[in-house]
Structure formats: C-alpha cells, structure tokens
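Chemist: Take the given structure of chain R and dock chain C to it, following the hints.
Number of protein chains: 2
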Amino acid sequence: MTSTATTLKGQPLDRPTLDAMLRRRLFFTPAFEIYGGVAGLFDYGPPGCALQANIIDLWRKHFILEEDMLEIDCTVLTPHEVLKTSGHVDKFADWMCKDPKNGDILRADHFVEDVLEARLKGDKEARGQKVEEEDDPTKKKKRKQKTVAVKLDDAVVQEYEEVLAKIDNYNGEELGELIKKYDLRNPATGVQPSPPVSFNLMFQTKIGPSSNLPGYLRPETAQGQFLNFAKLLDFNMQQMPFASASIGRSYRNEISPRAGLLRVREFLMAEIEHFVDPEGGKKHSRFVEVEDLELTLLDRDTQLSGKTTVRKMPVGEAVRNKVIDNETLGYFIARIHLFLQKIGVDMSKVRFRQHMQNEMAHYAADCWDAELLTSSGWIECVGCADRSAYDLSVHAKKTGAPLLVRERLDEPRVIEEWQVEVDKKKFGPFFKKDGKTVEAALLATTQEQREKLSKQLTDNGELELEVAGVADGKVKVSKDLVQVEFRKRIENTREYTPNVIEPSFGIGRILYSLIEHCYWNRATDGGDEARGVLSFPPTIAPTKVLIVPLSANAQFKPFIKKISQKLRKIGISARVDDSSATIGKRYSRNDELGTPLGITIDFQTVKDSTITLRDRDSTKQVRADEDTIVSAIQSLVDGSKEWKDVEAELPAFEGQEVEVAVR
Amino acid sequence: MTSTATTLKGQPLDRPTLDAMLRRRLFFTPAFEIYGGVAGLFDYGPPGCALQANIIDLWRKHFILEEDMLEIDCTVLTPHEVLKTSGHVDKFADWMCKDPKNGDILRADHFVEDVLEARLKGDKEARGQKVEEEDDPTKKKKRKQKTVAVKLDDAVVQEYEEVLAKIDNYNGEELGELIKKYDLRNPATGVQPSPPVSFNLMFQTKIGPSSNLPGYLRPETAQGQFLNFAKLLDFNMQQMPFASASIGRSYRNEISPRAGLLRVREFLMAEIEHFVDPEGGKKHSRFVEVEDLELTLLDRDTQLSGKTTVRKMPVGEAVRNKVIDNETLGYFIARIHLFLQKIGVDMSKVRFRQHMQNEMAHYAADCWDAELLTSSGWIECVGCADRSAYDLSVHAKKTGAPLLVRERLDEPRVIEEWQVEVDKKKFGPFFKKDGKTVEAALLATTQEQREKLSKQLTDNGELELEVAGVADGKVKVSKDLVQVEFRKRIENTREYTPNVIEPSFGIGRILYSLIEHCYWNRATDGGDEARGVLSFPPTIAPTKVLIVPLSANAQFKPFIKKISQKLRKIGISARVDDSSATIGKRYSRNDELGTPLGITIDFQTVKDSTITLRDRDSTKQVRADEDTIVSAIQSLVDGSKEWKDVEAELPAFEGQEVEVAVR
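Residue numbers (full-length UniProt numbering), protein chains in the order written: chain R, 1 to 663; chain C, 1 to 663.
The following block holds chain R by itself, in its conformation from the complex (with noise of 0.2 Å):
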C-alpha cells in the first residue's frame, strides 16, 4: 500500500493540478466568491451539475425502478417537535471550544487530535524517524498542523496513542480533560481553548409570522419517509415488505467544513427507507441475485484487533456467517456495490467497514459505511444501517398514530393469558377522580403479577396495588370492582412494528471520489502531463458527445445544426465547439470535461458527408457515415456497446489534422 493516492491510470495523483482543472472547468466554486465566500457552501457548474443529475438518474433507476420503491418528496423545513422525538434536537451535536484570545472555533475532537498528532510527529523527527510527507491514505482525516521535533517519553507516546486511537468516544468533558491534562493549545495563539460545549449542527429558523414555531432545516430525509409510513402502506395496499425513497438536501451546520465537497453544510442526499417485518430472520426475496457477489469488508472484529485488512467475501456467505446481520442488510450492501461500480468507481478503492458498537446509535442492530478511498483518505459515501424499529416507534408513541402493520393471520392464533377486566360502572364512581390512573396501573401489570394478583383476589376477596400518585402510593380494589382470570384470546391479525434498512447515500460525497477515481493524465500516452483526462462512463458523463468542425468555414454549418438536431431528438446531450482553438485544444478541453466521445466535421463530410468519431480514453478515431455514427453513439450511450465493438465494426480514421489534435 502506497501513501499517496493515485489516479485512473496508477499515476500519483496531485491534488492541486486536479483541484485547478475542476476550478477551471467549473465543476464546483465556492458559492458568493465574489463576496468573499461561505465555508461549507458550494455551487455545482454545467459540467457538476449534469453529472451530479446523471448520478440520480441512475440511481432512480437502479434502486426505485428496479424495485417498485415508492418515492416521495418531503419538505426540508421541519418543526422542533419532530426533531425533538427523532433525538435530533437532544443529540444531534458536536463538541466545539473556542480560543478565548482571537476568537477561533474549534471542534473539540478534531482539536485534540490534531495537537497529539502534531507532538507524536515532533517526536519522531525528534527521534530521527522517517516522517512521511502525505498523510497515510489509509487514516480518514487529513488537517495538517506544523510540527516542532520535542522527545517524548516513551510512556507518553503510548499514552498519546491510546487518547487518538478511541478519540471518537470521548464526550465533551472526557475531552475538556484531556486539554487541560496534555495543556493543549492552540497553535494559532498558544493558549489552551475554552472547555468543550456541545453545539447542534442543525439550523435553525423560525416557522411563520407569529415566531412562535420554531423549526429546523432537515439534518436527514428520513424523518419525513418515517412520519409517511402509515399513508405509503396504505398506497402500497397493505403490502410488506416495501420500501420509500427520497432524493433531497439536507442541512448541518459544520463547525469547520473542509475545502472541497467532501465535508460541506448544504448537501444532496438520496435515502431508502426499506420497511421489514422484524420476525422471520429479515429475509429478502431477490438475495439470491447477489449471493455470490464477492464484496470487500472490513469488519468489526478485525478493526478492534487494530487492524484494516479487508476480507473478500460473497455476501451470501457474509450472511451465513453472521459478519453481516441478516438477508435484507446484505441485499442492500450489494445493491450498492453494483450501483458505485455501475457509476465508474473505481471498485480497488471500495471498501464496506462495519461500524464500531459505540460507533452506531444505540437502536441500531448494524451498520456498514461504503467508504472509497480519495486523496483525503477513505471517506463514507454510503451508510447502510439496520435503524431497528426505532423511528416509528418513537413517533408513534408520542403522536398516538399508528405507525405499524396489521396483517391477518393465516390461522387464528389462540393466546392463552392472564387478564384483567374492571367493571366501569362501579369501577369510576368509586374511584372518582383517580378512576383512571388506578385502572391504567391494573392494565400495565404484567403476567406474573396478575397470577399473584388473581391469588389476592381468591384469598382476600381484594388485591393490592401501587399506585403512584393515588393515596399513599398502595390502593386496595376489592373483587366486585374487578376480576383478574387466565383465560382464551383469539387472535386473527397480528400487528407489529416494522424494522427499517436504511441506504443513505452522500451524491457530493460520491460525486468527488468518482472524479478522482475516474482522472489520470495523459502523461503515460507519453502525451503532455498538464492533459488531464476524466474518463466517465458515457452515462454518467455530462456531455456525451462534443461536435468539432474543423474551422469556422460556412460550409460546416448545416452539418453541425443537423447532427446537433438528431442527437437532441434521441436525447443525447451534445456541445458544439466552434471556436478558433485547434482541434486539438478543443479535444483537450473536452478530456477535463470528460466528455466520451467527438465528432468531427471535415471538408470529406462535405464531399461525402461522412463523419469521423473519437474515443476519450484511446483518442482513436472511426469514421462513417452519419446514421450509423449517431447509432453507434446511441449503443456507446446507453452502455449495450463499448468502444472496441465500434472500432472493430467501423472503418478507423487517421486523417492528417486528427493527428495532429491527438497528439
């Protein structure tokens, strides 16, 4: 394993030059440059935008399509009360310090490591120790700070160690601790920042003229899928298993967004919410598609041995052996390895790392990121998480709504059970005003204690109870009031409460690993290194085709206007270049735009009205008459042919002013 990232072709990959050319190509910019900027916001160009619309194109196809999901749209402003039942408002939260001198605000985890980051760096040029330059691709975070070489004891080394290798379970006062205990400063100013105060990421704004309602900016589409469940099984006509969909933005106010797409504050989310009936083991219909998928895990007992070495395994197995919970978890893992080696990621640098215990929300059975690996090390992409029935439940019971399954029972389940039934007539007025609470409490004991109950009752004609809040806390109700018997129940349908298999995919997050992973140079062509080329899939790439007449002479217009016309009409989105770079500046500009293929428009078209086609990734050329180039676009397009058919089928080109463009 190397320790720094490289490209499509194995070539180290240099970020900056990379970072240029997105800039330069507007794939992204930083939203209100102009007025100085937002960190955390950015802006999606033509190029970004059309790829960023690929994705979800193929992402409704490949997930809602494929599978009947009900898709719904749902409203980003959300009210407290929602967000308050969710746990959202309670823990959806960071640690953050600031710097009593200049101000500065700091994450309080990211602080702490960094600084102990920076001393075990000082101590090994200290040491004399080989530091590496780059950042270990293989760590998830990447901040740099600047290092003074100062000899630690051993004893320190180890224990600084320790703090760094569980500093994701440190709460805000274990971390105020270790600022104090380690007088952790901040570079900037020297001194150590304030203790840690936990700040919300959620924002928050007010709903209404009246201000009394306040409300938050999504931090999850989930919620609102959550909230819909009762209506979606309705439209689903009573149907289980199914599952919801949404494709939205959603919010968190960062306390230090990286540059770059990777951790920002407004950001496109695409999430399944698959609804599974809990009993019978979640198994799923369609595993048997994928059960020899082979996937690449990392799980949770090899990361608690300290290591990441990924296992390659078929996912049937994987289940079979209980690595990954169960049927429907696993399903899901392989749907989305597919869909990222269907986007064009580069399937080398994908990995599914299991989550931690303390790392996943106490209801959650188990969860697995899809991480890929960047420039910036490996970055979650896609969580795929067993939610439990947790959501509907916490929303059903605070609501009342019934948020949950009846389904008729094939054959009447006969329960034989301890109940108890109060005679309301005598059982109110002689209670009065405690009537109810006393009968609650009658109706919340359990089996075992109506067996003794019953036994009070035939022994002392009355029972005994506690009663909070009733008397002094022990009410006696006597046997005319009500009767405590086991006897027969019949059932004809049962209700439960749904578990949810939750995909949760980050499209910016994916979006820039797959730039990354789809670039490289033209350097091993022994082209010009400065020639970037990002080598999409036609499908996901954001123009397909790019039309070049070889001058500004009139006599190419109508060619141009018709093949414009005829690639519109099959929806095939092309870009005519007819400015007076040459032809090969114009192809260079379209390699770092990644669009697949040119077309080139010549004097010969004008003569016989054939047309060459270029390919992006070997820069070679077919030419053909029109039609037959338009539909060997359209087989290259929509993926049913790949460029070596074509060559193979197609006379190949090397007319002279090609030459000259590919080189």
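A couple of the hints might just be wrong.
In this list, chains with the same sequence are indistinguishable; a pair is considered to hold if it fits within one copy or across any two.
Stated by the list, open to error - Heads up, simulated SDA-like pairs for lysine to any residue below, C-alpha to C-alpha not over 20 Å straight-line:
#1 452 to 419
#2 61 to 638
#3 61 to 571
#4 569 to 642
#5 561 to 69
#6 641 to 571
#7 206 to 104
#8 61 to 572
#9 557 to 288
#10 231 to 29
#11 569 to 638
#12 569 to 57
#13 566 to 638
#14 397 to 87
Just so you know, these hints were derived from the structure itself, not from any lab.
Modeler: Just chain C now, kept in the frame of chain R:
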C-alpha cells in the same frame, strides 16, 4: 364566461371530490400531519413526486437541452449581505397586523380586502340582489368571510369599490389608515387589528458555529446565477448571448399560506436567466421559429381600462406593435406557451397577463405572467420579466467584481471627450488627507461640467469645485495640479453589463393547475360520476403502464415478470396490480392515478402469449403479441404515435372479462 371551474370535459369541477381523490391517491399530503401539520408545507407522495420529476425532465429538455443553457445548482443558504444588496432584506416583505385580543396574525391587504368584500356582499343581500355563491374564477383571490345583510350608502359602495380596485398599491401606513377610517374589525373577535408592520418573508438562520453570520433561505434561485455570471461567461468562452438555468427549492415565509399547493412556504422553482446585450433591440436569433405562434394576451392598457378581455395575437405581431417589449422577451413567452402545451395544460385556460407599471420592480422593463385558470381563479404560474441590468449592476457595485462583458470591437471606436488629468506628484502633497476626495470629485464630473471647468482654468488659472466634506465645501484647484482638455481616445473593446430576461416557473403551481386541467369524470360516458380520471399525456403521467393479471393464478406470474422486465429495460415505468380487486376496480384506481395504458394478462396469454393494451381515455383495447404491444407502448410514451394510430394498426379486443371491467 361561467362562474364555476370546469373539468377537461367541461363538467362542473367539484373541488372537494377532486381534493379527496388526490389525497386518497397520495399525490400530495400535508407535511407532518401526524404532528398536526404545519401550514404551507406539503409532501409529495409517489404519484405527485413522479409527476413533478416528469415535468422537470421535460422542462430540462424543452429549455436547457434545446438551447444549450448552462445549468447550475446553487446553495439555498445565502448570507445576509447578498440579499441586502439584491434588495430582498429591505423590500421582500408583506404588511401584517395582529389581533390584540386573540393574537391572530393577518396579512393586512388581504384583511382589508376581505372585510370590504364581505360588506359589499352584505349590501347586495340587503338590496335583494343576487349574490354569486361561487367566487368568480376570473378573480385572483379566494377567501371566504361570513356576510351580514346590511345596506350601505351608494357613495360608500363606490368608495369601497375604488379601494378594492387598487388594493395592491397601498403601503402599510395607508392600509392602517383604511382600517381605522372604515373601522375594519377581525370577524373572529370583533376588534380592530393593530397597525400594519412590515414582515420580511425570508426564513432567517445563522451559518457557522460562531452565530455571527446571519443568512437566509433563498427566496428565488436567481441570485446564485447572477453571482456566478463571470464564471459562466468564461465557461461559455465569452460568447453572448447565453442563458443559465437552475432548478431548485426556494422559500417564502408566507403570512397566510393557502390550503393546497398554490401558496406554500417551500417550493420548487425552475428559473432561466438569459443574458443579452442591451444594445440592438434585444433581438433573438430563433425568434423567426416562433413568430407565427398565436398567444392569448391580457395587456396593460386593457387592464387599465378595467377590463379582462384577452387578445389573441401572433407573437411576431405583438413584438412589432410593441405590445411585448422586445424579441427576446417575446421568444421566451412563446417558448413558455409551447412548454405548457407540451405538458398537457388546457390552453383555453391560459393567458399571458402583462404587469402594471406599479406592479413591477422599478428596474424592470416589461413583465408578463403566464396565468392558468383553476378553481381558485387565475393563478400566476410562470413569470417572464426583463430585469434589465439591475442585479448584475448592484452586485458588481457592491463587490467590485467585473460582472460585465468585454467585447472586441470590429472597428476601433474613436471617442472625443473632455478628460480630467491630475498631476499625481503635486496633487497629493498639496491636498494632503483630502487628496483622494478632491480627485474623486473631479473624476465624477459630467462632460458639461468639465467644459466649464476647462474654461475656468483657461480664464482664471484655477477652477472651483464643490466637494462635500472638504474645507467649507468649496475647493480651488490651480492649473499646475490639473488639466481638463478635449481629447481623442481610441477604444478597441466595448464593455457592457448585460440585461437579463428571466422566465421563472413555479413548478408546484403548474403541477396543481395541470391536475385540474387534466381532471374529469366518467359521468359523460354514462359511467359512474364518482369515477375520476386524470388524462395526463403519457410523457408526463406518473406511471405509464399498469399490468393487470386477470387473477392471482400462478400461471400468469412468468408473463408479469417478463413484461415488467421488458418495459423497465426501455425505461418505461410500470406497476403491477395483482390485488384481488376486480379488473374494473383496478383500472378505476389507475384512472385516478392518471396511468395512460393498461395491460391485461389472461388465460389467452397463457395459450398464445398475446396481451391486451387498454387506453385510459377511451377505455378501448387492442390485442397483440408481447413485442408488438411493447413497441406500441414505446411509441405512445415517446409521443411518436397517438392512441388512434395504435387502434388503427392492431386488432381491437372486447373480451368478456374486460367488458365487465370498463363499464
């Protein structure tokens, strides 16, 4: 003109029946309903979501692809300074008052309008005149108030009517005066509300952890496009004219959202900013393609005369006669017309209404709204404004960014003008701290002033200038410090700030109006009145094909699977309904969902692999082998054929079980 809205077939449109159907089929639903809901926030269920996606897809093809527009995707979060500059912080507000008794918050103009209208209605009743129960759908607003039959003086009636005619023109103070003068009281409490205060309609939040960067949720997508102008011009290789486009959510914290999708707080917009040279009459190269298209226009002059009579006129004529200000504006109005037609809007319920002078922003040159007639009256669904150079100018002025076009002139321009030149070496030392101010004042002089100043220098050896804030406001500058001369200057480039033509689409309003326009019921067929149908064109319909097996018989399953896969492969969304309901019930359900085509799989399918295809609108059926039917479906969905073509080509089918179904 009738006073009630009608369905596609001219039947009276019963709004409650339609609403119940839309709710039952989950087109949209109040957001957070299990928490009691939040006014003005709606979620789209699966059919609404698919309808929205199809409208957007067609919009993208019709506008962006067709004209090579540069689509960009900007953030919703916007810092204060940007919207301060654009004018939204100061002016994007409505007037609201509060009822001191019950705390009701009222939008002041609506309140005045409602109370006065109720009094006029009461007067009519008292005079024994007929009062229309239904609001006139040609009116724009619809809010009900209880009326009391009280006769008014004739003069008072006239006064009220005059106030109502110019209700949009009053400011807060004036609305407050009307409330006092006419003693307008909130019917809910019988008390006068407080004087109107300005309420800004933007949702406010804070960006970043330090809470010192106030921001808003954008009220329109336009500003992001303006801020990126220089980058987009670069991306377009400096070529003008060009257009950018954005599809995304915007937010307005409405004081009183309406029930339904017509006035909501979070909504999807699609906006185009077409940048054009203000010189040369704003011509458009493709205007010739649309000039014969006949538009339905309600121009400013007609409205000034108090009428709503529309004029039908080819757009070419409208531009020639200056009814529409310029070609580019006319071109986009025509393109909007074609778009609405393409998605299935009833064009007899569309008009383009010109804004009154006082209705437009002060900088706008001209503005037309596409209004669609619905059961709530005429609804503004698309705006098409000439925003002049306003936005680019204010942002450029505030930030210093060059939001302009530099164009190389074919022939250099010789300019003769009065020029001011200061002797920098002497000027600064002489005026000391006032140097820059005095210099700026000199450079800010007009040509006429300079001519006079030049004469003063010649005559007196010095000039006298008013400079606020320096000495006593008058400054003398001698001729050794400054020269003012009439000189020649040669310009090789021309700089200008482009004007902006902005077509702006409210997707939710279009979607809702379209639903009303496509809605009818089978009553006209002699069928059941309750059987609603949504006759969406196939391109727009949420689902294209319903697959219906005759029964749950296992023999049908492989056929269902095969046909589903075939349709999925060619990207046509289909749904299977294998529920136990009768075929008639299942088709009826899908009429309500607007599914244009249905496939039945029956015992004959098992014998000879033929299937039937049903047309939603006529309920006619044809029968053929699977591939023939799939190819017919493809032609119907891509619009290359209509049902009558398919009916002419394939044998009709009138099997018994289907007879039962379509009755």
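Chemist: Within, between, both or neither: how does the pair residue 452, residue 419 come out at a Cα-Cα threshold of 20 Å?
Modeler: within (12 Å within a copy, 107 Å between copies)
Chemist: Within a copy, between copies, both or neither: which one fits residue 61 and residue 571 at a CA-CA cutoff of 20 Å?
Modeler: Intra 17 Å, inter 8 Å, cutoff 20 Å: intra and inter.
Chemist: Regarding residue 641 and residue 571, is the shortest C-alpha distance of 20 Å or less found within a copy, between copies, in both, or in neither?
Modeler: both (17 Å within a copy, 18 Å between copies)
Chemist: At most 20 Å between CA atoms: does that hold for residue 569 and residue 638 within a copy, between copies, both, or neither?
Modeler: Both, since 15 Å and 11 Å are each at most 20 Å.
Chemist: I want to check one pair: residue 397 and residue 87. Are their C-alpha atoms no more than 20 Å apart within a copy, between two copies, both, or neither?
Modeler: The answer is within: 13 Å in one copy meets 20 Å, while 46 Å across copies does not.
Chemist: Regarding residue 566 and residue 638, is the shortest C-alpha distance of 20 Å or less found within a copy, between copies, in both, or in neither?
Modeler: The answer is both: 16 Å in one copy and 15 Å across copies each meet 20 Å.
Chemist: Is the C-alpha distance from residue 231 to residue 29 at most 20 Å within one copy, between copies, in both cases, or in neither?
Modeler: Result: close only across copies, 9 Å inter versus 40 Å intra.
Chemist: Up to 20 Å between alpha-carbons, please classify residue 561 paired with residue 69: within, between, both or neither.
Modeler: Classified as between: cross-chain Cα gap 16 Å, same-chain 40 Å, threshold 20 Å.
Chemist: Is it within, between, both or neither when you check residue 61 against residue 572 at 20 Å Cα-Cα?
Modeler: Classified as both: same-chain Cα gap 17 Å, cross-chain 10 Å, threshold 20 Å.
Chemist: At most 20 Å between CA atoms: does that hold for residue 206 and residue 104 within a copy, between copies, both, or neither?
Modeler: between (28 Å within a copy, 17 Å between copies)
Chemist: Within a copy, between copies, both or neither: which one fits residue 569 and residue 642 at a CA-CA cutoff of 20 Å?
Modeler: between (22 Å within a copy, 18 Å between copies)
Chemist: Since the copies are identical, ignore which copy is meant and state whether residue 61 and residue 638 lie within 20 Å (CA to CA) inside a copy, between copies, both or neither.
Modeler: The answer is both: 13 Å in one copy and 18 Å across copies each meet 20 Å.
In this structure, none of the earlier numbered hints is contradicted; all agree with it.
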